[in-house]
Amino acid sequence: MSAPLYGLILAGGLSARMQRDKAALTYLGKSQLDRVFELASRHLSKVFISVRAEQTEDPARAGKPQIVDTVAGGGPIVGIRSAFAQHPEAAWLVLACDLPFLTDRTLTHLLAARDPLRIATAYRSTHDGLPEPLCAIWEPAAAQALAAHQAAGRTCPRKFLIGSDTQLLEPLEPRALDNINTPEEYIDAGRALDAGPRAGSGSNPMHLKIQYYALLREQAGRSEETWETNAATPAAVYAELNARYRFTLAREQLRVAVNSEFSDWGRALRSGDALVFIPPVAGG
Amino acid sequence: MRFRFEATAIDTNLGRHALQDPAAGGYASFEGWVRDHNEGLAVRRLEYEAYEALALKEGDRILDEAAARFPISKALCIHRIGALAIGELAVWVGVSAVHRGEAFDACRYIIDEVKHRLPIWKKEYYENGDSGWVNCERCATAPRHAHDHVA
Numbered sequence: 382m383s384a385p386l387y388g389l390i391l392a393g394g395l396s397a398r399m400q401r402d403k404a405a406l407t408y409l410g411k412s413q414l415d416r417v418f419e420l421a422s423r424h425l426s427k428v429f430i431s432v433r434a435e436q437t438e439d440p441a442r443a444g445k446p447q448i449v450d451t452v453a454g455g456g457p458i459v460g461i462r463s464a465f466a467q468h469p470e471a472a473w474l475v476l477a478c479d480l481p482f483l484t485d486r487t488l489t490h491l492l493a494a495r496d497p498l499r500i501a502t503a504y505r506s507t508h509d510g511l512p513e514p515l516c517a518i519w520e521p522a523a524a525q526a527l528a529a530h531q532a533a534g535r536t537c538p539r540k541f542l543i544g545s546d547t548q549l550l551e552p553l554e555p556r557a558l559d560n561i562n563t564p565e566e567y568i569d570a571g572r573a574l575d576a577g578p579r580a581g582s583g584s585n586p587m588h589l590k591i592q593y594y595a596l597l598r599e600q601a602g603r604s605e606e607t608w609e610t611n612a613a614t615p616a617a618v619y620a621e622l623n624a625r626y627r628f629t630l631a632r633e634q635l636r637v638a639v640n641s642e643f644s645d646w647g648r649a650l651r652s653g654d655a656l657v658f659i660p661p662v663a664g665g
Numbered sequence: 078m079r080f081r082f083e084a085t086a087i088d089t090n091l092g093r094h095a096l097q098d099p100a101a102g103g104y105a106s107f108e109g110w111v112r113d114h115n116e117g118l119a120v121r122r123l124e125y126e127a128y129e130a131l132a133l134k135e136g137d138r139i140l141d142e143a144a145a146r147f148p149i150s151k152a153l154c155i156h157r158i159g160a161l162a163i164g165e166l167a168v169w170v171g172v173s174a175v176h177r178g179e180a181f182d183a184c185r186y187i188i189d190e191v192k193h194r195l196p197i198w199k200k201e202y203y204e205n206g207d208s209g210w211v212n213c214e215r216c217a218t219a220p221r222h223a224h225d226h227v228a
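For the protein sequence lines, the chains are A and B, in the order given. Going left to right, the first sequence walks through residues 382 to 665 as the numbering used here numbers them. Going left to right, the second sequence walks through residues 78 to 228 as the numbering used here numbers them.
Only true hints are included.
Short derived list, chain B residues pointing at chain A, Cβ under 7 Å:
# : residue
1 : V168
2 : K192
3 : P196
4 : W198
5 : K199
6 : N212
These are calculated hints, taken from the structure and not from any lab test. Since we're looking at a predicted model, the values are computed, not measured. Cβ coordinates follow ideal geometry from the N, Cα and C atoms, glycine included.
Isolated chain B (complex conformation) (with noise of 0.2 Å):
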């Protein structure tokens, strides 16, 4: 599987050595990280969740893309779930390539992807006391109050 999830932190050296390969001149990698800070709010902390057996098949389904589209040797991604503090690693990409630019090209896509297509979800708890599940609850506040309002 090269596609995974760790409940734990994510240690990098362990999958930039799985992507050694005698053929490729080069490795590319994306780190996401814990932000202090989303669309305004103070962020103390999150949680990711995922649905797992979905995303590992959807996840390997992306790697196999981008091997299709870019000429690479190897791709892998790791994904955190659990709760994270500020500065955490939450996701991490790497390829190795015979040359940078399909590295740095197939990077991007599989990151990409990854955040569009992946059922997994995330938690913000906000210095403020609120939380929220990104980008799912904005569009919920208007009913939810309303439905405040009736009771």
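Next comes chain A alone, as it looks inside the complex (with noise of 0.2 Å):
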């Protein structure tokens, strides 16, 4: 059986390159950490705040249920392990409050994958496909390795995961975890927001070269074709294709190839890419 899950929204950072406080920056008339919990809480039934003792009262902290750090050090592993100490039952969708990009789409996949014998389930990062830490599902399993590795004098979540069991899953949308550090970072993520969800794209959609191979080849009824779109991601081209040509076929049975090499369903596209949906193979 597996833990029930909660949500907890790492509200205790010092926002030190930012130089103001990152919980309060404001996207669209809305603060970043409403915007986060106001997420997480549409898919589960539980979520905290995780927050320093000396936050408990602070404006834009207060009035949300919270998890204060009882434990001490420093980073994002304080506020996780807080969790664990005050509910070892439970498991964490842990989220971090600067995510302005993060959707509902991507939580959807991220809890419907989790596997609950793993450590965790998290995500690979678009950058650099290492775990992403702050937008994972920490199981109690993690809480007493978690410990040891903060009582070896380590404080980074990422390389927590990295030595640990963790499911990996490919990225969904391309930009859905960049987090934002500076000021400068904070005014383009501003804008891009302001622009809407096709931001990036435009009014200006893609042009991209889709070519068929066996069933759905026969299903599409031809062999290539120019596909005109503003999706991002080959996951967001496949499900627009899906629902013109009713392929049999779901898209966890394929893989998907980007000019001519083997790709993550997230991977961000651009005009004049080369598609393929590589269907079950059954080469010899």
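Hints are included, so try docking the two chains, each in its own frame, into the full complex.
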């Protein structure tokens, strides 16, 4: 049986590079902390914010269920360990508060992919392929090992996940886990969100070359075509094509290649890219 | 290129000849043949289709991996595409090595990886008139029938 899953929004950081409280930064008229808290609350029945003792009465943080640091030290590990200490029965969906591009879709996919028998379930970073610890599910079995990790003088939650039995997921949307640390990144993120969900591709759709093989070729009724789209990733393109051709193969049964190399489903596409969706193979 | 496709019958003698090496003490090969039945159905013939640009790269990567894992001299793999009859040679793997053990092991590794990783698809045509893409159709049956009912 899997442990109940609660949400933990990390809001105890020092925001050193931002030079002001990150939790209180606003996008589209709402504080960053409120946005992520509301997002998590749409998926989980219990969501807490992780705070330092001196932050409990802070206006941005008061009025929400809190988990106050009870473990000494610094960094996100302190908040995560404090949550395990307060609710040892629970697994935690740990979220940084500075994830302005996080979506319901990316959370839904993470929650559906949870493997409670592993130490954690996390996305791979679109930047370096390593685990993203601050949009991840941490199982209760992580608590003891995390304490040992910290006792050995290590504070990086990412290194902890790299060295643990972590289930890694390919990213679903290219920017969903981008966090913002500097005033410049904050300004850019605000502009992108103001511009709406299709920021980046804007009003200029991309032209992709799609090649079809085997069963997909037969079901599409063609070997290739040019596809005009604002879909940002191969996963989103397949969803569009599937809506049109009603393929009988689900995305989970396929692999994808971009420009003749295997690719992640979350890769950011560029106009001119050539995509091939690869049905289950049967060589030999 | 050490992995390649052939649209006509594979000449195993040419492949074997290309593996010869004065330092090699032996050679092992695997031949995959078109079988007249699969999963309870009588098969009449079949067709192979490949995404060649990627399969050629991935095929060479498999041969490189085999050379890194096992002390072998040379390795080759040839896969057919197009229409094949029962009994025809569908895939050939050949490995030469100093000793037989490595030749057998590398040969096994290569054919296993080729079957799992290369973007190659097989369509079987059955005696009963049906046809199907191997590994794709069974999972496809349910939604398609459901759709037919609606229509």
